[in-house]
Structures are given as C-alpha cells and as structure tokens.
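Colleague: Each chain, letter by letter, is given below.
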Amino acid sequence: MGEGDADAQLMLRYAAGDARAFDELYAAHRGALWRFIRRSVREPAATDDVFQECWSRVIVNRERYRPEARFATWLFRIAHNCCMDHWRKTGRRDRRESLDEDAIAAAADESLDGPVDALRAGEASERLAAALERLPPEQRTAFLLYVEGGLSVAEIGETTDVNPETAKSRLRYAVARLKQALGDDAPD
Amino acid sequence: MEKDREPPFPREPWQRLLQDRGVDPPETTDARIRAKAQKAVAPRAARWWLPASLAASFLIAVLIVQSQYGREEKSTVLTEADLAAPAASGPPAAIEDSSLARDRAAESGAAERRDSAPSELHYEIAPEEIAPELEAGANEERIATKGAFVSGPEQELKAASEMDAEEIDPPAPPPVPAVALPDMPASAAAPKIEATHEGAARTRETGALWSGPAANHRTPEAWYAEIEALRKAGRIAEADAELALFEAAYPDWLKQQGRRKP
Chain B
1 MGEGDADAQL MLRYAAGDAR AFDELYAAHR GALWRFIRRS VREPAATDDV FQECWSRVIV
61 NRERYRPEAR FATWLFRIAH NCCMDHWRKT GRRDRRESLD EDAIAAAADE SLDGPVDALR
121 AGEASERLAA ALERLPPEQR TAFLLYVEGG LSVAEIGETT DVNPETAKSR LRYAVARLKQ
181 ALGDDAPD
Chain R
1 MEKDREPPFP REPWQRLLQD RGVDPPETTD ARIRAKAQKA VAPRAARWWL PASLAASFLI
61 AVLIVQSQYG REEKSTVLTE ADLAAPAASG PPAAIEDSSL ARDRAAESGA AERRDSAPSE
121 LHYEIAPEEI APELEAGANE ERIATKGAFV SGPEQELKAA SEMDAEEIDP PAPPPVPAVA
181 LPDMPASAAA PKIEATHEGA ARTRETGALW SGPAANHRTP EAWYAEIEAL RKAGRIAEAD
241 AELALFEAAY PDWLKQQGRR KP
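Those protein sequences? They're chains B and R, same order as listed.
Here our numbering is used: position 59 in the first sequence is 59, and no number is missing along the way.
Here our numbering is used: position 23 in the second sequence is 23, and no number is missing along the way.
These aren't lab readings, by the way, just hints derived from the structure by calculation.
Take these hints with a grain of salt, some might be off.
[Stated by the list, open to error] Below, a sample of chain R positions facing chain B; criterion: calculated Cβ distance under 8 Å:
| id | residue |
| --- | --- |
| 1 | Pro13 |
| 2 | Asp30 |
| 3 | Arg32 |
| 4 | Val41 |
| 5 | Ala248 |
| 6 | Ala249 |
Source: prediction; values computed, not measured.
Cβ atoms here follow ideal geometry from the backbone N, Cα and C, with glycine treated the same way.
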C-alpha cells in the first residue's frame, strides 16, 4: 500500500538525506495538517506549538518510517498523538470527555438557533467551524482525519487505536451533527 | 473489509467548506520547520570539517617543527663517495686526488650511472664522536680530512656561514673544482662537493675546525680562549679569522664581558 504512495517515496528520500523531498511533503500536507491541529486543539496560540512539534517528530523519526502504511496515515497519527499530549498537558480533553452525548447534542442544536444574521449571511464555513468545536473530540478527530487527512475509515481506526467499526460510527455521528448544524447549507 | 474502504460520504464538499476559512500556518513557522528539516539531514562531515582541518593543520605544523629540530640535532651525514676518501687518509692533497679520480670515473661511465637510481648511502657520525678528537687537538690533517666528509644540512649551513665569514675575512680558500659524484646528477652533486672542499680548505687554512654541532656548541669563553691561544702561538692570521667569526657569532659578548679583543 505504502510502496506505491508518492508521499511515502518522498519520505524515504528525505530519510536518505534529500532535503528537497521534505519540502515537497511539507508543501503537500502543511495546510491540511494545520487545519486538523487547529480544529483539534481549538487554541490559536497552541496550534503553532503542536504543529511544530508534529513536524519535529516527523523529522526526528524519519529513519523509523516504514512505508507499510500511507504517509498521510503516519503523519496524522503523529499529529493525533501530539494533540493528545497537548490535551493531557492542559486537561482540556478531560473536560470535553466529561460532557455527555446529550450535552453535545444540545450544543449542536444551539448552533441551529444561532444568530439569525449569521444564518442569513450564509457563512457556512463559520458555522461548520463552530459546530466542529462542539463535537466530542473523538468524533471531531475522526471527521478531520477523514476530511483533512484523507484517511480511510480503517486508517482512522488505526490512527486512533479503535476498530474500524467504531471509527465508522464516530464518523457517521459527526457528519449527522454537522449536517444538522449547517441545515440547508450542509453538503449532500 | 471492502465495505470499510468505501467512503461513507464524499470529502470534497466538506473540504471546500473547511478550506474557505483560508487558514494556513504562518510563514515563520514554515521557515523554521524547513530549516530544521534541512539541518537534520545536513551531512555530518561538514560539521566536523572545520575542526578536523584545524587539527590536521596543527599536526602538520608540529611535525614540520619536530623534523626541523631533529635535523638540527642530527649528527653529520657522510655519503658513500665521501667514505672512499678516508681510505687514502692522506693530506688534503689526497682528497683532491681522490676527487680527480672520481671525476675520471664519472666521465667514463656517466651516462650509465645517471640512468641508474641514486644509491647514496649515509653514514652518521655522532657529534660526540668528533668533538673529543677536536678538543684533544688531534692530527690537524686528519681532522681536516674528516671535515671534508661533512655533508648534509650541517654542511650546507657551514657553507652558508663560511660565505658570511668570507665577506668579513677577505682571504678566500683556494678554489676547488666542482666534482660530480658518480652516482648523482652533476648539477645536484657539484655544489655539495664544492662546499665540502671549501670546508676542508677553510679548515686547513685557519686550523679552526668545524665539525658539525660540536663546534657550534663551543661556549664563547672556550672560543675566546682558543683565539687567545692561537695569537700567543703566533698564528695571527688564523686568530684574526677566528675572531671575525667569533664576533659574527657573539657580537656583544666582548662588550658584555668587558674584555678586549685578543
């Protein structure tokens, strides 16, 4: 799987000492990774730290990379671990995890009753971002890994250490809530 | 498994919505990460190139200095050709005779010998071996002959110092024709032999012996006493020549010691 992956080949080239290969990899993934981390940690100040930490781990572990999985899977797994470390430090995830499903659903519903002006302005992306923040972390991570990271359901399960069924379930719940928050602006 | 691979919903519309926010990492972060990545794979040898080259330069400098000091302290070196001369163990004229003989031999088989690789053998005579003989005032002719065998760096230094001395001391030694050693190119051998003969002639003329480091290590007091002895013995010219050399070597010694010229 990974052998045919162009990114995996770039990573192998970088591990062999080709700095240009890293530039290509970085250019290809920086935007998605940044958005993933930004929406995962939800703190603009911490996003930069976690983002740099993530790439630092890529650099340090370059020789340990094996193209058994796609590069994106490996990269987003590192990013996910970095986010987990950040949550551990700040304790924020614990607070989020303490919220029950009803509270989350209520929060998602709130977004439906949000400011009328925002709804009318059609700022769907703003509302999506707001709805994302209200999702439980596992669902948000699954959604971001799927959309931003381009990971498959199986890869999401592998990255987050759950079985594919659980990953698929989280993804389904996340999309349902986001659609609910976006209303008519939600993609089909 | 195949079911897991099927995308549960299309990504692209969601990606468009998320990317509309136009959020990207700052350029400074980009630059920092790229620099870190480049530094990580930079060749390690380059990091050590400067210290390694400095260490190598220092080592070479130390070796050069050591070799120079070693050369200075090394005993005199004799060539195989020179070794043939003492067999005659005759007066200086014998040296010239042997030189002429070598000349003839060189002429007769010059081409053959020039083609062959140089087989110069060096024999070392420690300064301690020569010095006692000098101090004991051994046979002047014998010593003079031995002086003719001095070669190598000391011999070159001697030739140079004699050139300086000759500038001070007008009476020049009788010219000795340059002789090509049989096993060396004429151009390389000539100056060495010429200098050797000059040394011998000089030694014969002045009676002051130069025999490598032993002579150089004479104390000014001892030298001064020798000059006085020469003058007392009525060897005025030799004493004057020695004095000139002495003053060249120790310009301020007489003043410092408050002594007058012997």
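Colleague: Each hint: holds or not?
Modeller: Outcome of the hint check:
1. The beta carbon of Pro13 (chain R) is positioned within 8 Å of a beta carbon in chain B (closest approach about 3 Å), and the interface hint is therefore held.
2. Checking Asp30 (chain R) against chain B by beta carbon gives a least distance of about 7 Å; that is within 8 Å, so the hint holds.
3. A hinted interface residue such as Arg32 (chain R) counts as satisfied when its beta carbon comes closer than 8 Å to some beta carbon of chain B; here the least separation is about 7 Å, so the hint holds.
4. The interface hint given for Val41 (chain R) holds, since its Cβ lies 5 Å from the closest Cβ of chain B, which is under the 8 Å cut-off.
5. Residue-level restraint check for Ala248 (chain R) is violated (minimum Cβ-Cβ distance to chain B is 65 Å; threshold 8 Å).
6. A distance limit of 8 Å between C-beta atoms decides the matter here; for Ala249 (chain R) the minimum to chain B is near 64 Å, and the interface restraint is violated.
In the structure shown, a violation is registered for the earlier hints numbered 5, 6, in ascending order.
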